[in-house]
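2 protein chains.
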Amino acid sequence: MNEHDLVRELVEKNDSKIVMLVADGLGGLPQQPGGLTELETANTPNLDALAKQGVLGSSVPVLPGITPGSGPGHLGLFGYDPLEFKIGRGALEATGIGFELGPHDVAARGNFCSLGPDGLITDRRAGRIPSEESFLVVEKLQKVSIPGVETFVKPVKEHRFVVVFRGEGLDGRVADTDPQAVGVTPLDPQPLDPAAARTAEVAKEFVRQAREILADEPKANGLTLRGFADRPALPSYQDLYGLKAAAIAVYPMYKGLARLVGMTLVGEAKTLDEQIDTLASCWNDYDFFFLHFKYTDSTGEDGNFAAKVARTEELDAAVPRITALGPDVLIVTGDHSTPSKLGSHSWHPVPTLLTAESCRTDACERFGERDCLSGGLGMFPAKHLMLQAMAHAGRFGKYGA
Amino acid sequence: MNEHDLVRELVEKNDSKIVMLVADGLGGLPQQPGGLTELETANTPNLDALAKQGVLGSSVPVLPGITPGSGPGHLGLFGYDPLEFKIGRGALEATGIGFELGPHDVAARGNFCSLGPDGLITDRRAGRIPSEESFLVVEKLQKVSIPGVETFVKPVKEHRFVVVFRGEGLDGRVADTDPQAVGVTPLDPQPLDPAAARTAEVAKEFVRQAREILADEPKANGLTLRGFADRPALPSYQDLYGLKAAAIAVYPMYKGLARLVGMTLVGEAKTLDEQIDTLASCWNDYDFFFLHFKYTDSTGEDGNFAAKVARTEELDAAVPRITALGPDVLIVTGDHSTPSKLGSHSWHPVPTLLTAESCRTDACERFGERDCLSGGLGMFPAKHLMLQAMAHAGRFGKYGA
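Those protein sequence lines, which keep their order, are chains X and S.
No gaps in the numbering here: position 3 of the first sequence is 3 in the working numbering, and each next residue is one more.
No gaps in the numbering here: position 321 of the second sequence is 321 in the working numbering, and each next residue is one more.
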């Protein structure tokens, strides 16, 4: 039996509130073997108190040894097997800039490039055109008009932009047009499946019109398209768990990921404190709350151990305002590890904490990577965390008689 | 997404060196409940030092409670799901005597038997004919000649031998000819699938010619064939991991298993010390090194607790020569447990140790079965160990954006 079918079969409704606080890139590494990680170094009295009354474990985002990007990392936490459910690159890029993909959309990543008089690529990144210039060029592309298809062009950064085609019968299986080389022409969009023939034609027409519009641009007079992708077919939180879910995030990427699973974006918080204000203000309107905290990841990516420690302490300080709301289940975890020692995402398991009236408290007294190894949740695939959340919220019936 | 496809997608190359030291049958049991296992009893200062700086875990070779043979045990360690990839008995027997199976080979295990004047089996093992006699009989069978097929007959031990048929279009799905009883005739080789019809005919012709050749043998005047099998279709280490892999083993079985996954057999070491000489001498030529140490298994099989302890200490003493080479990732594990208390392979998880600059050190300070239970690798399927090896060697890119 498929795990999602099992979930659907067992779901029961009640008035419980579940909070999942995701500290992005939470897991870390000691600076020297045998030392303490960022989380173990941080002074976290509030998280430690939760660890004492709750149950700990180590979340494996995808598989042992596999380092996830933000997409697979969050899909796992949300209960979707990241090897089964994939978000294509174009769809993720659109999601990351806050574009709300619809069911009939195909998104692609666009790069401006420079073409010589012979049409050959002279610079694959249009001289790394600054964002403020590039945004004006993107604006011009709004004029493109293709019959039967709605076209959206949105800036990302520097030479990068996103194109979304919206219309019935579109299909993301179209090959990249970036030849990954200079001195050659961009490729024509080619269908990778007969079902994508029309989408390839649409993309071709987009490129044709765009080339005309861009003809006199000094740098960005050409473009390539990559990572064509449909909106991923993810069952929604409502459909799967019967949960009215709210996402309270600051950054577009995480808002977008939450929206892909049917969460409602609530508020316009810019700080953790404002996020908790939002949480309090919408407390009665939702069953499930996804709170995303970015800075444990960004400081890790910066390779800044001390800053990651400080951000972890900032997170800890916010905990009492969350517990004061009285969630039935409170989970603190991360979508992956981002050890400042590596300055990048990593494969290491993610420390995870769950408190609920019905949790079986383990012997752990602190929230840290090593403590989590002896925790009652064990070492578990991230995709199973939502099963624990639902169970501890009393939202699952019994399987079988 | 299939795990091997994921591996292929993520593989990146670098100059790292991975050493996997497999102490066959490493895991053990205490002689009395509550006592120490062989590994826990052994004085292993070098392994303990690695445990302190590295990360431990417990490897489950196939599934909890499942005792593997050497084939599935090693396939798991090499990253092949032993329930998906199987080595048929004939192929394993050929592998075990060092026969290099080709892609068009079908191998079967042969037993000499004694036939009465009426052609009925009087002894299924030809009176357990001694090896030295049997080897001469095998020699006579080299005369068999079948058009379009190359035939190899190799002695194993006593009444046992191996037959390999080599030719286009052969197929291992042929039924055993051993009736498992005396007083009846050997069965004719029968195809279990239409695709194996020709192979069954080839086997029948082999048996016909062999019977003529053996007609005057006093004991071994008949034969049965069992475990027909193709060479298993295992993706190679080069194909799967992008690794140039060297196998440094003493015994034919382990050399054969390594060869089946495309490792290069290096050296002709007879002792662990010579194996490490070989390791040092080919250090610059390979990325991955499989070192096989047999005696933790053979002493376990002998039921000799003290001897297994001594062999474990011998292994420990060799560790500094390996670490001196500076491997980026060093793994010490076993293909299964062989507790001397049971005198056989067992299902118990296998103590496993990994050291690397990027490993997340756990609280373990010794290498032993109980320590491994609180280790940072957790309890994991053996087939995932190579994912950890690749990750810690920096040989995997990120999954998803």
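Heads up, a few of these hints could be off.
Copies of the same chain look alike in the list, so a pair counts if it fits in one copy or across any two.
Straight-line C-alpha distance at most 30 Å; calculated DSBU-like pairs for lysine-lysine [claimed, not checked]:
| no. | residue 1 | residue 2 |
| --- | --- | --- |
| 1 | Lys17 | Lys143 |
| 2 | Lys270 | Lys398 |
| 3 | Lys140 | Lys341 |
| 4 | Lys154 | Lys294 |
| 5 | Lys13 | Lys86 |
| 6 | Lys86 | Lys294 |
| 7 | Lys341 | Lys52 |
| 8 | Lys157 | Lys86 |
| 9 | Lys398 | Lys294 |
| 10 | Lys398 | Lys52 |
| 11 | Lys157 | Lys244 |
| 12 | Lys341 | Lys13 |
| 13 | Lys154 | Lys398 |
| 14 | Lys140 | Lys294 |
| 15 | Lys52 | Lys143 |
| 16 | Lys270 | Lys341 |
| 17 | Lys86 | Lys341 |
| 18 | Lys154 | Lys13 |
Hints were generated in silico from the structure; no laboratory data involved.
Treat the numbers as computed from the prediction; the structure is a model and nothing was measured.
Hints, verified against the model:
Taking CA atoms no more than 30 Å apart as the test, Lys17 paired with Lys143 passes in neither setting, with 47 Å inside one copy and 55 Å between copies. In this assembly of identical chains, Lys270 and Lys398 lie within 30 Å of each other by CA distance solely across copies; the values are 28 Å between and 41 Å within a copy. Taking CA atoms no more than 30 Å apart as the test, Lys140 paired with Lys341 passes in neither setting, with 43 Å inside one copy and 66 Å between copies. Taking the closest pair of Cα atoms, Lys154 and Lys294 come within 30 Å of each other only inside a single copy of the chain (23 Å); across copies the shortest separation is 62 Å, beyond that limit.
Taking the closest pair of Cα atoms, Lys13 and Lys86 come within 30 Å of each other both inside a single copy (29 Å) and across two copies (25 Å). Taking identical chains as interchangeable, the C-alpha atoms of Lys86 and Lys294 lie at most 30 Å apart only when both belong to the same chain, with a minimum of 22 Å there against 44 Å between chains. With identical chains, the CA atoms of Lys341 and Lys52 are at most 30 Å apart both within one copy (28 Å) and between copies (19 Å). Taking the closest pair of Cα atoms, Lys157 and Lys86 come within 30 Å of each other only inside a single copy of the chain (24 Å); across copies the shortest separation is 50 Å, beyond that limit.
Taking the shortest Cα distances, Lys398 and Lys294 sit within 30 Å of each other only across copies (19 Å), while inside one copy they are farther apart (37 Å). Taking CA atoms no more than 30 Å apart as the test, Lys398 paired with Lys52 passes inside one copy only; the shortest distance there is 28 Å, against 34 Å between copies. Proximity of Lys157 to Lys244 under the C-alpha cut-off of 30 Å is found in neither arrangement, the shortest distances being 34 Å within a copy and 40 Å between copies. In this assembly of identical chains, Lys341 and Lys13 lie within 30 Å of each other by CA distance solely across copies; the values are 21 Å between and 44 Å within a copy.
In the homo-oligomer, the alpha carbons of Lys154 and Lys398 lie at most 30 Å apart only across protomers (26 Å), although the nearest pairing inside one protomer, at 48 Å, exceeds that limit. In this homomeric assembly, Lys140 and Lys294 never come within 30 Å of each other (Cα to Cα): the closest approach is 33 Å inside a single copy and 71 Å across copies. In this homomeric assembly, Lys52 and Lys143 never come within 30 Å of each other (Cα to Cα): the closest approach is 60 Å inside a single copy and 64 Å across copies. Taking CA atoms no more than 30 Å apart as the test, Lys270 paired with Lys341 passes inside one copy only; the shortest distance there is 28 Å, against 42 Å between copies.
Taking CA atoms no more than 30 Å apart as the test, Lys86 paired with Lys341 passes inside one copy only; the shortest distance there is 29 Å, against 41 Å between copies. For a Cα distance limit of 30 Å, the shortest separation of Lys154 from Lys13 qualifies neither inside one copy, at 40 Å, nor across copies, at 35 Å.
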